[in-house]
Structures are given as C-alpha cells and as structure tokens.
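K.L.:
For reference, the chains in residue letters:
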Amino acid sequence: MKKNMPALALGIFLVLLWQFIAMGIDAAYILPSPLQILVKLWQLKEILLLVHLPATMGVTFLGLLISVVLGVFLSVIMDSNKNIENALYPIIIASQTIPTTAIAPLFVLWFGYSIWSKVLVTILITFFPIAITVYDGLKSTKREMEELLITYGANKKDIFIKLKFPTALPYFFSAIKMAIPMSIIGAAIAEWLGAQSGLGYFSKRMMTQLDGAGVFAPVVLLSFVAMISVAIINMIEKKLITWRKEI
Amino acid sequence: MLEFQNVSFQYAQDKQEMMKDFNFSVDKGDFISIIGKSGCGKSTIFRLINGLESPQKGQILIDGKPIQQIKQYSAFMPQKDLLFPWNTIEKNICLPMELQKVPKKEQQKKCYEVLKEIGLLEYAHKYPKELSGGMKQRISFARTLLAGAEMLLLDEPFSALDYLTRVDMQEWLLQQWLHFHKTILFITHDVEEAIFLSKFVFIIKDSPFCCMEKIEVPLQYPRKREDLKRTEIVELKEQLIKKLRQ
Numbered sequence: 043m044k045k046n047m048p049a050l051a052l053g054i055f056l057v058l059l060w061q062f063i064a065m066g067i068d069a070a071y072i073l074p075s076p077l078q079i080l081v082k083l084w085q086l087k088e089i090l091l092l093v094h095l096p097a098t099m100g101v102t103f104l105g106l107l108i109s110v111v112l113g114v115f116l117s118v119i120m121d122s123n124k125n126i127e128n129a130l131y132p133i134i135i136a137s138q139t140i141p142t143t144a145i146a147p148l149f150v151l152w153f154g155y156s157i158w159s160k161v162l163v164t165i166l167i168t169f170f171p172i173a174i175t176v177y178d179g180l181k182s183t184k185r186e187m188e189e190l191l192i193t194y195g196a197n198k199k200d201i202f203i204k205l206k207f208p209t210a211l212p213y214f215f216s217a218i219k220m221a222i223p224m225s226i227i228g229a230a231i232a233e234w235l236g237a238q239s240g241l242g243y244f245s246k247r248m249m250t251q252l253d254g255a256g257v258f259a260p261v262v263l264l265s266f267v268a269m270i271s272v273a274i275i276n277m278i279e280k281k282l283i284t285w286r287k288e289i
Numbered sequence: 091m092l093e094f095q096n097v098s099f100q101y102a103q104d105k106q107e108m109m110k111d112f113n114f115s116v117d118k119g120d121f122i123s124i125i126g127k128s129g130c131g132k133s134t135i136f137r138l139i140n141g142l143e144s145p146q147k148g149q150i151l152i153d154g155k156p157i158q159q160i161k162q163y164s165a166f167m168p169q170k171d172l173l174f175p176w177n178t179i180e181k182n183i184c185l186p187m188e189l190q191k192v193p194k195k196e197q198q199k200k201c202y203e204v205l206k207e208i209g210l211l212e213y214a215h216k217y218p219k220e221l222s223g224g225m226k227q228r229i230s231f232a233r234t235l236l237a238g239a240e241m242l243l244l245d246e247p248f249s250a251l252d253y254l255t256r257v258d259m260q261e262w263l264l265q266q267w268l269h270f271h272k273t274i275l276f277i278t279h280d281v282e283e284a285i286f287l288s289k290f291v292f293i294i295k296d297s298p299f300c301c302m303e304k305i306e307v308p309l310q311y312p313r314k315r316e317d318l319k320r321t322e323i324v325e326l327k328e329q330l331i332k333k334l335r336q
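Line by line, the protein sequences are chains W and A.
Under the numbering used here, think of the first position of the first sequence as 43, with each following residue one higher.
Under the numbering used here, think of the first position of the second sequence as 91, with each following residue one higher.
No wet-lab data here; the hints were simulated from the structure.
Note that the structure is predicted; figures quoted are calculated from it, not measured.
Where is the CB? At the ideal position from N, CA and C, for every residue including glycine.
Incorrect hints may have been included.
[As the list claims (entries may be wrong)] Listed below are the simulated DSS-like cross-link pairs for lysine-lysine, each with C-alpha atoms no more than 25 Å apart in a straight line:
1) 181(A) - 216(A)
2) 287(W) - 216(A)
3) 118(A) - 199(W)
4) 170(A) - 184(W)
[As the list claims (entries may be wrong)] Per the computed footprint, the stretches of chain W lying under chain A, defined by three or more beta-carbons under 8 Å from a beta-carbon of chain A, are:
5) 112-122
6) 275-288
Generate coordinates for the entire structure from the input sequences, incorporating the hints supplied.
P.N.:
In structure tokens, the structure reads:
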C-alpha cells in the first residue's frame with residue numbers, strides 16, 4: 043500500500059487539476075469535468091451496465107479467448123519446429139504493420155454488424171503480444187536444464203511438460219495482462235466503426251450529440267473494467283507463480 | 091566399467107579436434123577426478139558419456155557394451171544445482187524416477203530414504219528457494235543418486251560454493267560414496283579437492299589429447315583433511331600444479 047501512495051497522490055492531483063481546468067473552460071461539450079462524468083455515469087448506469095457493457099465484454103472475451111488459443115498454439119508450434127518458426131515468425135511480425143483501424147471497415151463488409159467483425163479486430167490487435175511473449179517464454183528455457191532432462195531419458199513431450207510449460211507460464215501471465223486492455227481497446231474501436239450496441243458505439247453516439255460527459259462515461263467504465271480484470275489476473279498470478287524471480 | 095576406445099571428437103564450430111584416438115578407462119566403484127585447464131575438454135568427456143554428443147570415431151563402452159545399446163548407465167550432476175524452482179524438493183528428487191516411470195509409491199519411498207540419509211528429511215515439502223547453497227547441492231546429489239545409475243558424473247559440483255561449505259561438502263560426498271558404493275567421475279579445477287576425494291587423478295595436458303596422465307593418490311579411505319598436510323601429499327599437489335602449468 044505504501045508503495046502505491048505516490049501514484050495515488052499523483053492521480054488525485056491530476057483529477058483535481060482536470061476538475062479545475064474544466065471548470066475554468068466551462069464548456070462540457072469540449073472538456074467535461076470528472077464530476078460531470080461521474081454524474082453522467084450515474085444517470086446512464088442502467089443502459090451502460092445492462093446493455094452496452096455486456097455487448098463490449100462479449101466481444102472482448104471472445105476476442106481474447108480466440109487470441110489466447112491462437113497465440114499459444116502458434117508459439118508452441120514455432121518453438122517445436124525450426125521450419126515452422128522460420129515460416130510463421132516473419133508473418134506474425136508483418137501482421138502488426140497492418141493498420142487494423144483502417145482495414146476494420148472491411149470486416150464490417152465481410153461480416154456485417156455481427157459480433158464477428160468486432161471479434162476479428164480484437165483478435166488482430168491482441169494475438170500478437172500473446173504469441174510473441176509466450177514464444178519468448180518457451181525460448182527462455184535454460185539449455186542446461188533441458189540437457190539435464192535429456193540425460194534422465196526425457197523425450198520432447200516430457201521436456202515441454204516438465205520444463206518449457208512452467209518456464210513460459212510467467213510470460214503467459216504477462217501476455218494476458220497486456221492483452222486485456224488491448225482487447226478492450228480493440229472491441230471499442232471495432233464498435234466505433236460499426237455496431238448496434240456496445241460502449242464504443244455508445245461513446246460515438248454521444249459524440250454526435252456533443253455530449254462530452256456522455257463520451258467519457260463509457261470510457262471511464264472501460265478503464266475501470268480493464269483495471270479490475272488486470273488486478274484479478276495479478277492475484278491469480280501471485281498465487282500460482284512463485285518462481286518468477288528464479289528463472 | 092567405463093572405457094573410451096580410440097574416441098575422436100570435434101565440435102562443429104572448432105577448427106581442430108578436441109580429442110584424437112582417446113583411450114581411457116575407469117574401474118567399477120572407483121572415485122576418479124579429471125583436472126585440466128579451462129576449455130581443455132573435461133566437460134566434453136561427460137557430454138560424450140551422457141550421449142549429449144556423439145564421437146566422430148571410436149566407441150564408448152559400459153561393462154563391455156556400447157552406450158547406444160544401454161540405458162540409465164550414468165547420472166549427471168552439473169555445476170549449478172539446476173533444481174526446478176516450481177517443484178518441491180520431493181518432486182525435484184523424484185524427477186528422474188518419474189521420467190523412468192517408476193511407480194509413485196516406490197519413488198516416494200526412495201526419496202524419503204535418501205533425504206533421511208543426507209539429513210534433509212524435513213525439507214521434503216519445501217521449495218529450492220528456501221534452502222542454502224550447500225543444501226541445494228545435496229539435493230542435487232540426491233536427485234543424481236536416484237537416477238538409478240551405477241556411475242555418477244559430477245561436473246564441478248562445489249565450485250559455486252563458499253570455501254567452508256565446499257570443504258564440508260567434500261567430506262560429505264566421500265561419506266556418501268563409501269555408503270552407496272557408486273563409481274564417481276569428478277571434474278574439478280581444484281587440485282586439492284581432486285587429491286582429497288579421488289583414488290586416481292587424471293590430467294589432461296595436450297590439445298588435442300589422446301590420453302590422460304593417471305596418478306594414484308597415496309591415501310587410504312576414509313580420509314581426513316589433515317591427510318592433506320602429509321609431505322607426500324603436499325609434494326603431489328605441487329607436482330600436479332606444475333603439470334597443469336606446462
């Protein structure tokens with residue numbers, strides 16, 4: 043707790059500064075104050091929490107789940123075979139140069155306003171950090187430990203289960219912690235581009251109505267959900283991974 | 091027990107062979123040490139015995155059979171303890187047995203027996219980070235013992251320890267050797283350690299080498315540290331250092 047005090051103090055200072063600047067400007071459609079955003083959040087609580095948040099979370103969860111499966115699968119097969127690694131690695135890197143937001147409208151053309159166009163944007167944004175971080179984790183296995191297992195008669199499967207998997211697990215958690223906020227951003231971006239519900243869609247609708255606080259309210263809610271999710275993953279990681287510093 | 095017959099070996103990235111027509115043998119139950127300058131090929135001998143490297147020429151025999159035809163003939167203990175931090179001490183010790191599909195109950199029985207023998211029974215459910223350097227090396231030795239091999243290959247196992255712990259571990263290792271009757275091949279940079287522990291000291295002098303000079307240590311087992319002060323031992327130590335400097 044003591045460690046977090048400076049961050050907390052700085053956070054409070056910045057929010058207060060924002061409040062005073064917003065009060066000085068006095069134009070809520072340009073810069074709503076934190077207090078106005080909180081009031082708006084309270085006024086819109088039902089529609090935000092019961093309609094738009096579940097829609098965004100559905101996209102986020104589905105996108106994240108597919109990204110995890112795809113990312114882990116790609117990292118494992120790249121680690122297991124040099125030819126596959128040589129074939130896939132450059133393509134995975136190249137996939138990050140695609141301007142996702144620019145081609146996202148194409149997904150709307152392909153999949154319409156269904157959930158899949160948004161899930162695809164989320165996957166494109168999220169799978170890369172998962173694949174590369176887990177792959178790095180698998181590659182970080184100590185050669186001498188692997189050789190020791192070979193001297194005990196271990197085969198490839200044994201080496202994966204006994205050594206590579208536990209070595210890569212802390213990297214997996216780091217990847218998930220990176221991927222959660224990214225998947226939420228991905229889902230929100232996808233909703234701006236074409237959706238009928240969701241916090242991103244709602245935020246864009248408020249913008250057309252020049253409702254500054256209404257634009258910010260879903261964003262605050264998204265940030266809150268991302269922070270809570272990362273905190274939960276942190277707790278699980280602390281409970282499960284006790285060897286991070288010893289690898 | 092172990093025999094190298096005209097073994098030649100060269101690493102792919104090296105310009106010259108590390109060993110050429112190398113011949114070397116160790117009798118069952120012996121404790122031998124191999125000494126030599128850094129990079130002379132001491133650890134390569136272990137890698138060849140382990141099967142981590144294959145000789146380009148010649149063969150390595152265990153009790154007259156080529157190593158390719160037999161399993162679990164040697165167990166390796168590296169310089170670092172290499173205990174898996176995610177496993178408890180018990181799971182670490184049982185690892186070689188688990189890979190050899192030894193029944194769980196038997197694994198546990200052997201593990202507790204050896205832990206009792208090395209005086210660390212109460213640490214069975216602890217994790218490596220909770221142990222000192224010397225304790226970790228004992229656990230690593232216990233794991234090597236339970237790999238089920240007759241021959242133990244110890245590659246500078248005490249070099250990372252402080253002086254006093256190292257001295258304690260040397261005495262402890264001798265007790266364990268006398269108790270378990272294994273054949274031990276020990277690599278070290280420390281001439282005094284080699285003399286104190288081994289029946290024979292082998293020196294690698296040439297590069298590439300075709301043989302090692304074999305020197306018998308004129309001491310009976312069990313040994314005491316005071317034995318190292320005897321005139322013939324002090325002379326032997328000087329002689330070995332001189333040979334290494336040549």
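K.L.:
For residue 170(A) and residue 184(W), compute the direct alpha-carbon distance and say whether it is at most 25 Å.
P.N.:
Satisfied, since the Cα-Cα distance of roughly 12 Å is no more than 25 Å.
K.L.:
For a C-alpha distance cap of 25 Å, please report whether residue 287(W) and residue 216(A) respect it.
P.N.:
holds, 17 Å
K.L.:
Taking 8 Å as the C-beta cutoff, is the stated coverage of the segment 112-122 of chain W by chain A satisfied by three or more residues?
P.N.:
Per the Cβ count (0), the hint is violated.
K.L.:
When I compare C-beta atoms, does the segment 275-288 of chain W have three or more residues closer than 8 Å to chain A?
P.N.:
holds (count 3)
K.L.:
Measure nothing beyond the straight line between the CA atoms of residue 181(A) and residue 216(A); if it is 25 Å or shorter, mark the hint as holding.
P.N.:
Roughly 10 Å separates the two Cα atoms, so the pair holds.
K.L.:
Can you confirm whether the C-alpha distance between residue 118(A) and residue 199(W) stays at or below 25 Å?
P.N.:
violated, 34 Å
Hint violations for this structure: numbers 3 and 5, all remaining hints satisfied.
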